[in-house]
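**Q** Required output: the full structure, derived from the provided sequences and hints.
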Amino acid sequence: MLEKPLLESSKGPCKSQGSPLEVFLVALRLGVSSFGGPIAHLGYFHDEYVSRREWLDEKSYADAVAFAQSIPGATSSQVGIIVGTHRAGLLGGLAAWVGFTIPSAISLILFGFTIQFFSGNVANAGWLHGLKIAAVVIVAQAVWRMSRTLAPDQERGTIAVGSAIAAMTMEGIAIGQIGIIAAAGLVGWLFLRRGPVEATRTSIARRIPHLFSILSLASFFTLLGLVPLLRQVYPNNDRLAIFGSFYQSGASVFGGGHVVLPLLNAQVVTPGWVTSSQFLAGYGLTQAMPGPLFTFSAYLGTIMMKMPDGVVGGLFALFSIFLPSFLVVYGLLPFWDTLRTRQDFQSILRGINAAVVGILFAALYSPVFTTSVTSNADFALTIVLGTLVVIWKRPPWNVVVCAVVGGTIIGFLGLL
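Each residue of the sequence shown is one higher than the last, beginning at 4 in the working numbering.
Be careful, since some hints might not be right.
With beta-carbon atoms standing in for the labels, derived distance ranges [stated by the list, open to error]:
no.: 1; residue 1: Ser-255; residue 2: Ile-394; range: 39 to 47 Å
no.: 2; residue 1: Leu-28; residue 2: Trp-395; range: 23 to 31 Å
no.: 3; residue 1: Pro-155; residue 2: Tyr-237; range: 53 to 61 Å
Keep in mind the hints are simulated off the structure, nothing from the lab. A virtual CB, placed ideally from N, CA and C, is assigned to each residue, including glycine.
**A** If you want it as structure tokens, here you go:
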């Protein structure tokens with residue numbers, strides 16, 4: 004049986020309860036401005052939720068990231084769900100997901116209706132290129148701040164460096180990240196036991212009822228096993244087929260982001276629901292959108308269902324691919340939260356959190372830096388944006404505006 008949620012200290016951040024509307028509005032702003040993929044999203048989240056609003060402390064945020072990276076689903080969206088739930092309960096988690104997801108989902112549904120009019124390569128637009136460079140600066144700042152808290156000594160610094168090297172070596176291997184986190188946890192358990200027990204570590208699952216958690220976990224596995232059987236019984240049911248394909252994709256991906264693309268390709272292109280050219284065109288448009296890459300499903304659902312059912316199809320596919328993320332977060336987070344109070348597990352978390360820093364550093368280099376900074380002009384813009392953040396202490400929206408202007412100028416001069 005799960006233990007009673009731990010008590011929180013009376014001092015420090017994260018103590019007041021917010022409203023779902025508050026969470027939605029903050030997440031909506033992130034949903035229209037967070038470009039650059041899941042790793043960049045974690046940087047934006049850190050700046051907004053930890054540094055600016057103090058809804059979570061550094062260690063609890065790192066624990067949430069480590070948890071999300073260890074379970075199937077959309078990593079950045081799951082972190083947002085955790086933060087929203089922590090702030091405003093179950094409705095807060097839903098509000099965080101809706102706010103972060105709906106801007107790009109609506110845009111991609113509209114693109115699904117009008118894709119035949121888009122022949123240019125949106126991914127090469129100058130303004131988008133500038134936003135990718137802004138993501139480099141945001142992620143770098145987040146990794147630096149997290150490293151000072153989570154890898155402050157020689158032992159954890161070494162774990163972080165080793166994890167970064169391993170992550171770059173195993174780039175593209177789906178289970179590589181999970182293996183790194185598991186190995187770092189083992190190293191922490193063996194060598195990092197001397198740290199004090201953090202009895203007042205902030206709970207990140209305090210507003211998830213235990214019965215709801217158990218039902219969520221049971222639903223996750225029931226749907227995973229039952230839907231394929233129902234598809235065999237009702238092979239001509241299109242909605243069941245769509246739900247099964249997108250649910251299976253969402254439940255089978257660790258790390259989110261680009262990892263889901265080959266699964267979606269096999270689920271929708273191979274059966275002939277979407278052509279290869281439609282798939283690639285939609286993927287290019289998705290790259291130009293803020294928010295989670297999983298919203299690609301809204302575009303695919305729109306294409307598959309056609310008019311006038313395209314909107315319904317897009318929203319249904321979107322729901323289907325994200326449902327596993329909700330079920331697994333709500334099903335496992337209370338267990339994770341309870342384990343975080345145990346001394347042995349806290350030593351494991353010291354290793355895991357140091358590994359998270361290393362994994363994020365590796366992702367900062369590839370793909371964030373390597374796909375964004377490809378010329379001297381790009382590097383110059385990176386320095387300018389970094390100066391705004393580090394020296395002038397400008398807020399992220401200033402950095403984003405300057406990045407758009409700078410990227411547009413670089414594109415106009417033909418320096419992309």
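**Q** Just tell me: holds or violated, for the beta carbon distance of Leu-28 and Trp-395 against 23 to 31 Å?
**A** holds, 27 Å
**Q** Regarding Ser-255 and Ile-394, is the given constraint of 39 to 47 Å on their beta-carbon distance met?
**A** holds, 44 Å
**Q** Range hint 53 to 61 Å: satisfied by the CB atoms of Pro-155 and Tyr-237?
**A** Given about 56 Å between the Cβ atoms, the range holds.
Of the numbered hints listed earlier, not one is contradicted by the structure.
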